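Take the sequence shown: its position 350, counting from 1, is numbered 349 in numbering that gives the first Met the number 0, and each next residue is one higher.
Okay, the calculated beta carbon distance ranges per label pair: (1) ASP408 to ASP131: 40 to 46 Å; (2) SER250 to TRP342: 33 to 39 Å; (3) VAL94 to GLN247: 29 to 35 Å.
Note that these hints are calculated values from the structure, not bench results.
From a predicted model like this one, the values you see are computed outputs, not experimental measurements.
Beta carbons are placed, not taken as given, at the ideal position from N, Cα and C, and that holds for glycine.
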Amino acid sequence: MADPALRVLLELRPAFDGHAGIPQEARLLFRGLRRLEGLDVEGLLQSSGHALARGLPVKDEGWSRDKQLNRLSRVVVSLRKEVHNPYVAALGMLVRALTGATEELSRFEAAAFRDFIWQALFARTLHAEDFDSVTQAGYRVARVPWTAMHRMALLTRKLGHATYPRLDTRGFDVMIAETPYPARVSGATRLVVRYHDAIPLLMPHTISDMAYHQASHYHALRTNVEAGAHFACVSESTRQDLLRIFPQVESRAVTIHNMVSHHYYPELSTPARVPEVIRTRLNDDEALGQRSPRELGERVDYLLMVSTLEPRKNHAALLSAWEQLRAGAHPDLKLVVVGMLGWQHEPILRKFRPWIERGELFVLQDVPSPELRLLYRHARATACPSFGEGFDFSGVEAMRCGGAVVASDIAVHREVFADAAEYFSPYSADDLAQALARVIDPAQSARREDLVRRGEPVAARYLPERILPRWREYLLGLPR
Numbered sequence: 000m001a002d003p004a005l006r007v008l009l010e011l012r013p014a015f016d017g018h019a020g021i022p023q024e025a026r027l028l029f030r031g032l033r034r035l036e037g038l039d040v041e042g043l044l045q046s047s048g049h050a051l052a053r054g055l056p057v058k059d060e061g062w063s064r065d066k067q068l069n070r071l072s073r074v075v076v077s078l079r080k081e082v083h084n085p086y087v088a089a090l091g092m093l094v095r096a097l098t099g100a101t102e103e104l105s106r107f108e109a110a111a112f113r114d115f116i117w118q119a120l121f122a123r124t125l126h127a128e129d130f131d132s133v134t135q136a137g138y139r140v141a142r143v144p145w146t147a148m149h150r151m152a153l154l155t156r157k158l159g160h161a162t163y164p165r166l167d168t169r170g171f172d173v174m175i176a177e178t179p180y181p182a183r184v185s186g187a188t189r190l191v192v193r194y195h196d197a198i199p200l201l202m203p204h205t206i207s208d209m210a211y212h213q214a215s216h217y218h219a220l221r222t223n224v225e226a227g228a229h230f231a232c233v234s235e236s237t238r239q240d241l242l243r244i245f246p247q248v249e250s251r252a253v254t255i256h257n258m259v260s261h262h263y264y265p266e267l268s269t270p271a272r273v274p275e276v277i278r279t280r281l282n283d284d285e286a287l288g289q290r291s292p293r294e295l296g297e298r299v300d301y302l303l304m305v306s307t308l309e310p311r312k313n314h315a316a317l318l319s320a321w322e323q324l325r326a327g328a329h330p331d332l333k334l335v336v337v338g339m340l341g342w343q344h345e346p347i348l349r350k351f352r353p354w355i356e357r358g359e360l361f362v363l364q365d366v367p368s369p370e371l372r373l374l375y376r377h378a379r380a381t382a383c384p385s386f387g388e389g390f391d392f393s394g395v396e397a398m399r400c401g402g403a404v405v406a407s408d409i410a411v412h413r414e415v416f417a418d419a420a421e422y423f424s425p426y427s428a429d430d431l432a433q434a435l436a437r438v439i440d441p442a443q444s445a446r447r448e449d450l451v452r453r454g455e456p457v458a459a460r461y462l463p464e465r466i467l468p469r470w471r472e473y474l475l476g477l478p479r
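When you get a sec, could you build the whole thing from the sequences and use the hints?
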């Protein structure tokens with residue numbers, strides 16, 4: 000008789016927000032794990048900032064269909080509410096925790112709400128061919144807000160010990176959380192933390208709301224460690240950072256790299272479409288003051304950066320290096336930046352603005368993957384200048400699309416990009432300018448061609464067919 004399937008609950012809260020990074024990884028992981036033999040995977044629905052309506056009872060209680068649909072419909076409505084005060088929910092959780100109660104998980108049947116599940120969680124990353132797989136999956140609802148879980152712990156820490164709620168995860172062998180998780184799980188459930196980076200602890204000066212995010216990350220992580228959680232790190236560099244903080248988890252921490260989206264592949268295309276993409280996807284935020292460029296010509300020479308605008312991503316160094324190139328041998332070189340406006344974006348926007356007004360620099364948003372494939376392929380180079388990363392999707396995506404990558408010389412880039420990138424010090428705009436020149440100078444075209452050639456097998460390491468067998472082996476090998 001075959002062994003029963005391993006029952007896995009995967010946190011999907013990040014998938015409600017954003018295109019890239021952790022939200023993208025959550026979508027790809029859910030899609031991928033759902034395809035693996037021997038696993039029965041459900042998604043955990045939870046809001047960051049407000050309580051959700053209760054779903055259906057875990058055990059069928061014989062409700063009429065109209066009553067079931069009304070209950071499920073209220074869950075959908077509650078997921079679209081405005082953010083509430085997390086302290087109110089935190090106090091309620093604290094009372095339940097002190098009395099030994101658990102936070103229940105209710106059922107969400109997606110069959111009648113497939114459009115919502117697809118649009119809210121998956122459409123920004125997955126292909127339409129994945130629609131049936133993810134909308135026919137099972138889901139559980141955690142009513143308690145994720146932020147309130149953190150707030151509860153930070154409040155009780157002041158009394159001597161950080162207290163976290165306990166989720167009732169009975170029936171699941173494994174729960175996978177996309178960050179250090181601010182709750183305990185049932186005794187028979189193994190918690191696996193998908194550990195993306197230790198930046199809130201090791202580079203706290205580069206994150207928003209520093210005091211809160213540093214404290215919430217540390218105390219949740221410490222509680223996970225003490226509770227016996229396992230850690231699946233997105234890179235060996237991230238794993239080593241984790242072990243610097245908690246060396247005792249060495250035997251419980253493994254490296255399973257992120258998967259690159261199947262949206263990115265080498266596609267024959269014409270650079271004549273690039274001006275159209277730039278005009279169509281301009282970020283219309285008033286802070287940018289962008290206007291659709293009238294004349295871009297049939298071919299645009301440009302550098303590309305795909306990243307949220309925030310200090311850690313090091314846009315300032317790229318801007319300075321680009322200005323040097325324009326002042327020298329590349330006076331017509333444009334700069335295209337794809338990404339949302341993140342925290343403390345104002346200083347870099349002030350430096351961008353004169354170039355935006357001249358029609359030489361463009362900030363794009365909500366670029367769908369077919370158009371991003373085009374931008375990656377025809378950029379003179381894709382720059383990845385960050386001071387710190389856990390993985391860095393953009394460089395791998397660029398390589399998959401046949402682009403050349405210039406990256407900051409940090410440990411994770413050396414690991415993930417290997418010898419398929421031109422490296423530079425993130426602390427020197429001059430070094431970045433020289434690295435870019437070595438790649439985009441027509442007289443050194445062989446270097447760019449070499450990077451593109453090297454990038455193909457490197458990026459292939461992160462395809463789902465390479466990564467998913469590792470996940471299956473890992474999950475089925477966990478103690479049960």
